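Chains as they are written, first to last, in numbering that gives the first Met the number 0: chain L, 0 to 430; chain Z, 0 to 430; chain E, 0 to 430; chain B, 0 to 430.
Among the hints, a few may not be true.
All copies of an identical chain are treated as equivalent in the list; a pair is satisfied when it fits inside any one copy or across any two copies.
Derived lysine to any residue pairs resembling SDA-like cross-links, with alpha carbons at most 20 Å apart [as the list claims (entries may be wrong)]:
hint: 1; residue 1: K105; residue 2: M50
hint: 2; residue 1: K105; residue 2: P181
hint: 3; residue 1: K105; residue 2: P51
hint: 4; residue 1: K105; residue 2: L171
hint: 5; residue 1: K85; residue 2: H101
Bear in mind the hints are in silico, worked out from the structure with no lab data behind them.
Bear in mind that the values here come from a model prediction, so they are computed numbers and not experimental data.
4 protein chains.
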Amino acid sequence: MDASAQPSHAPPARPSPAPGTPAAARYRAVRARTEALCAPLGPEDMVVQSMPDASPAKWHLAHTTWFFETFLLGPREPGFEPFHPKYGFLFNSYYDTVGPRHARAKRGLLTRPPLPEVRAYRRQVDDRVLALLERGLDPEGAAVLEVGLHHEQQHQELLLTDIKHAFSENPLRPAYAPPLAPSRRSAPRLAWVEHEGGLCELGHGGGGFAFDNEGPRHRAWLEPFALASRAVTCGEYLGFLEDGGYRRPGLWLSDGFAAAARAGWEAPLYWERDGAGWSVFTLHGPRPLDPAEPVVHLSYYEADAYARWAGARLPTEAEWEVVARGAAEDGALADGGRYHPAAAGEQRPAQLLGDVWEWTASAYAAYPGYRPAPGALGEYNGKFMVNQLVLRGGSCATPAGHVRPTYRNFFYPEARWQFSGLRLCREARRC
Amino acid sequence: MDASAQPSHAPPARPSPAPGTPAAARYRAVRARTEALCAPLGPEDMVVQSMPDASPAKWHLAHTTWFFETFLLGPREPGFEPFHPKYGFLFNSYYDTVGPRHARAKRGLLTRPPLPEVRAYRRQVDDRVLALLERGLDPEGAAVLEVGLHHEQQHQELLLTDIKHAFSENPLRPAYAPPLAPSRRSAPRLAWVEHEGGLCELGHGGGGFAFDNEGPRHRAWLEPFALASRAVTCGEYLGFLEDGGYRRPGLWLSDGFAAAARAGWEAPLYWERDGAGWSVFTLHGPRPLDPAEPVVHLSYYEADAYARWAGARLPTEAEWEVVARGAAEDGALADGGRYHPAAAGEQRPAQLLGDVWEWTASAYAAYPGYRPAPGALGEYNGKFMVNQLVLRGGSCATPAGHVRPTYRNFFYPEARWQFSGLRLCREARRC
Amino acid sequence: MDASAQPSHAPPARPSPAPGTPAAARYRAVRARTEALCAPLGPEDMVVQSMPDASPAKWHLAHTTWFFETFLLGPREPGFEPFHPKYGFLFNSYYDTVGPRHARAKRGLLTRPPLPEVRAYRRQVDDRVLALLERGLDPEGAAVLEVGLHHEQQHQELLLTDIKHAFSENPLRPAYAPPLAPSRRSAPRLAWVEHEGGLCELGHGGGGFAFDNEGPRHRAWLEPFALASRAVTCGEYLGFLEDGGYRRPGLWLSDGFAAAARAGWEAPLYWERDGAGWSVFTLHGPRPLDPAEPVVHLSYYEADAYARWAGARLPTEAEWEVVARGAAEDGALADGGRYHPAAAGEQRPAQLLGDVWEWTASAYAAYPGYRPAPGALGEYNGKFMVNQLVLRGGSCATPAGHVRPTYRNFFYPEARWQFSGLRLCREARRC
Amino acid sequence: MDASAQPSHAPPARPSPAPGTPAAARYRAVRARTEALCAPLGPEDMVVQSMPDASPAKWHLAHTTWFFETFLLGPREPGFEPFHPKYGFLFNSYYDTVGPRHARAKRGLLTRPPLPEVRAYRRQVDDRVLALLERGLDPEGAAVLEVGLHHEQQHQELLLTDIKHAFSENPLRPAYAPPLAPSRRSAPRLAWVEHEGGLCELGHGGGGFAFDNEGPRHRAWLEPFALASRAVTCGEYLGFLEDGGYRRPGLWLSDGFAAAARAGWEAPLYWERDGAGWSVFTLHGPRPLDPAEPVVHLSYYEADAYARWAGARLPTEAEWEVVARGAAEDGALADGGRYHPAAAGEQRPAQLLGDVWEWTASAYAAYPGYRPAPGALGEYNGKFMVNQLVLRGGSCATPAGHVRPTYRNFFYPEARWQFSGLRLCREARRC
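With the rest of the complex left out, here is chain L (with noise of 0.2 Å):
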């Protein structure tokens, strides 16, 4: 048994903090969630940066407090002065109002400030939040505390699939948490939700927080259409890929088949081929394919090509949205101890909230009529709007209570390190 290859510490099975807790209490809780994610890490895990894509988990811990620190603290603490004159440039990830700062890709060469000093700026910047919640918050610091929060939960679902990046690129092979049992469930017959279409509502219409590209409400007109009642799984995927799927141009859009080619894929990220098999790499160590369980770690390429094969299509995500909208809250989410989408239950339809973030065919864009915030808080969303798709649904490595069926995710066609699969969708029947 190889010591350096397994976790020495279990990671977090904490739950994340329910709505309607005191704005403190839920502080405190993703705080300390963050801090436990990184359990199992040691200083040396914590500091690498596997590709410009992903970050190191320490500076994770870093950037997340930077944003507390610069966005909530700086206009209000009186006499305000910045934990270290440096971190601005160290941790400020993209915001240029905010002013200038370190090079992405070169995030894995901060050796420099060691942990332990992190880990106080964050003690400090926690005890400087908290005496101002404390105070009482204006409304806007209070909706700036609130972004604050669901930024941090999403840097805990980065922090996972950056360290399993990292792992994936070690020889050892180290695992993150311990090894999953077997499972024994197969994957329910796939059905087809029906939708009819019409004049829709679509986009976050106000009840709770939500990012501003979720927004404004609006309408679309859609056409009847019909959704898959589960996510595409690792035995229905196989069959595309002894099938030739990766090597029939014409089941590929164009880009999707050249970057394939460049990249030398023949199978989605993670997956690895011996004399026995195939096994798939995870958080949990390698393990024998599941065929039951989602596909993951599939770029919007794959996954477009894979619909196509299967004579089917990608949904939009205004399809996704509307059938989501009412969908139970089923799939594997990060707060139980398994890091790993896992196969989808008998609901029909199953595994729209968690599991696996579901590429739509959609083009990362604005809503009609939307206007990013004034301000740094602005740069949160809206530049990003090109380029992109938009990714629904949460997945295995999402914090519990952190997505709703408005989340709009998004990333470039080629990214396969996210826990990314896709779900089919059709024209309806019409008879």
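Fit chains Z, E and B to the given chain L structure using the hints.
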């Protein structure tokens, strides 16, 4: 006077064939126009490829011929034999269904076949096509003929944009066409054309030719909006530039600012500054910047940033189309011997068809219910439906009769060598 | 028979001028030979640049003319005016002293000036040079004339290697010259020419033209060694290849194995394998591999790996030179109309001059006491004295009379498009 | 005062073992010194790789251990078992004979094995080596032990240069060692040490350890020359810089000027200019530029350009060696706790051993009669004998006792992260 930089032959000023012309006459006219466009070019001009996006003029001559040979003659000529066994490899652009092909980036190395042989290829295929037309075409053949003719018109436009790019790379700054007289017109004041929105019909509804991506006809819900009465002018764009537009990240999409920095963009493509101010390289040679003319050779990123600076936005393609449906064809098209956009006239709206392609905010995607044609021609449009943005309206390089209100052009957001400009849009003022 | 792939005009078989010929006659002969080399090429062939290392034939025509215009006429013609104000920018290769220049990698975009204008440029400069010669040249001018003639001969060789590379990129596989009859000769048995070493004199010692890098004459100490009697043959090299030579890192320099892997080398450049075995693309078109001919189009890395496999090594340039000093000029040079190396004859040693350039183990560096000439011509050789390896002996593409035993050619170790082969060397057996 | 940028533990000031010390004691001393060098580093510092040329400190710890395990223990321990089955893959640097290996550029992703496990690896291998030494070593084993010790000393120097580079990438500018007091010494006047040349003996002739590339001892003929009495200083180099040295192509090798332009070099690596003038980043943190100290962190190209500007040249390695043969070891070496070169003293010549590695004009190549050792250790030096230049003399990062007059270091001409400087040479004035 530098002889080497001057055109030795006049470019064509021949009209495109009117609709209703018999097929053989239209075929002859379209084919002849392609060759006429090459009149100002020498054999050396016609072999080079100045970047992978562009193709040599000789390649355009051969590829459009291969299109008719392969898709029209191939299935219909008894005992069909291709003109040359390797031309399929050399002149197939991207049809995987048909077979393997030469690398796109190496088209400029095809010094052989020499130009006279490519001209012989054209003549032979023309004779065979005309013989086929004389015998009468089956309906599918008639449809392929139409696609072939519109396909060749698309390459006529590319031939112009590609040679413009090639000439721009030559320090001698050659001209394709005789110098243009300075314009005396000033641009009309910008006005706003309001539209009440609602449930609109979009896409091509039959009646005349359309590409498959223009359909099917479908419904979409629009909120009220106002579209600018004309395209953005060089003078207006200069205001953006002089206001530091290229140095202010807050005006740009994140990918756009990065692309501009990487490429060192400080002005539209073909703008040049010297002591005497701005000049613009055109197919008629360099000339002083005319503030009344539409700005052209913008990337999507620049168009988007300009719109944000101007307190407006780009229209969606649906918004553009519902306004353009009944618009006059008042903009410059390529048949008048002017290969540069002209200042708008007094119509409202003006320039919707002609002058400059207008970037829209819409990612290029399938319309609801879209199905590509079966077989190789299904590759014509559908496989490019990702990562590109829709442009509408045609340009001064588009053959007359080629463009229409439902026509969807599409390019990557960083593309600048097409005649691409923009028109502003905004939410309607609600009172 | 594919007309487009065949040469329409015979390439030149005219002799290079003999030493002692008057300057004007030699000037005329060298200049005429360059143009004769272009006879088999069309204008399209002459404009392309198939890689940054190569230059278009038209560019060679113009650059060699610019050399005489700038360095010979410029300082000597009263009221000198260049033929064209921008040609200095276009056709300066690398002389920083003279002024700025066009980007090397963009030489292939110079469709203008068209070929007839470049020919007019040649004629005008020829007239002016001949008028100058008639008036008589100062000694420095006479020296510049000599450099210019040898410079043009170097470009004659490059013109051939560059068009060979361009044609090799064309799937039609055009031929520059008529097919070669198959050789009947087999290679003579490899023998070893021993040399006792000691304190040797090296470098050019006066008497006839030499480039500055061939001097000064100097002493070097050599240990006894033995040089192979002829170049390595294709048949011998095939042995290396079939023994897994390209897959065994232990035979290679580390940089060499990495370069081969990166580029996917599995055989010399221009070797192609199909069902019928190996064939070789030549300036005479494709032909079956002839085991008796010298292997050619090797990188330094391949030459070095072959030598190691053969239990020998490459000679240093000093070792090569002391043996070559009295050698016969028995190898093929470019004046016989054969542009491909031929099997060695029975001389011992054979092929030292002609057939293939021979990689030596010597990095290209200054001889002791070397000083580049003052002014622009000092840039001719000296500034390239790093990162390149010396080749000796001339090739089948070298004009007769151009090469000599002290001649130092130099290329980067990964270069393969020159007619580069090798000859083995080893320590002398001491008894 | 910024704690995160300060060293928390003193680096070692322990002497390297004197020659003649028993093997076990020398082994212990060398091994202990490597670990002592890591004392100022945290686990995060030790895992990063700031560029492919550099390696993580942890990797150096493991690789040097793997060297003893594989080459010393492997063939000699009965029933040898490696410490870990995958460490051979992870910590083999470049020995193809031994087996496949991890990608060099991904060494920084090895967060596992964690540092404590690598330390356990070191301890276990140390115990086994010492047990082997106690039993007595065969002569070949004794030779491998020596190579292993000198190999580890080489990595001690690399560990310092690599962490310096990593720290330089951190905007916090961490220091490895305590600040240096400003020097009061000014540089001695430059004098010239003349040598009469002639037939000289070069290379290692036996007596003490040497790497295989230092032999065989051989003869070379040298012309009279004069070598500078000390290294070039920062003050002198500043003269070159202020004279426009970086902008004048005539001073540079062609490849050098291109490399400088591509990389944007305007000064040596680690020089920084602000309002207060030049400062230099050192292992002791940033400090003002001291004109008396040797200039360091130059590429070969910069060294060569400086020499040309100064009207001199770089010495060949032969010239350097014949002068250095009897030189005093007066330069700073790494055992005194100063990791930065110091101003020369009054010896003539000074600084030949220590302070800065000195670029020579000699390409790294085999000496006459050189044969690499059989087996894997033959890969140590020989396969790198192309594309690199020889440096001589050791530096302030070299362990005392490691360098000698015949020692040949070698790097690519663009490498700047080693402690590389230069010493001038010129032809002897003959009267």
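Worksheet entry | Hints the structure fails to honour | Going through the list in order, the structure violates hint 2 alone and respects the others.
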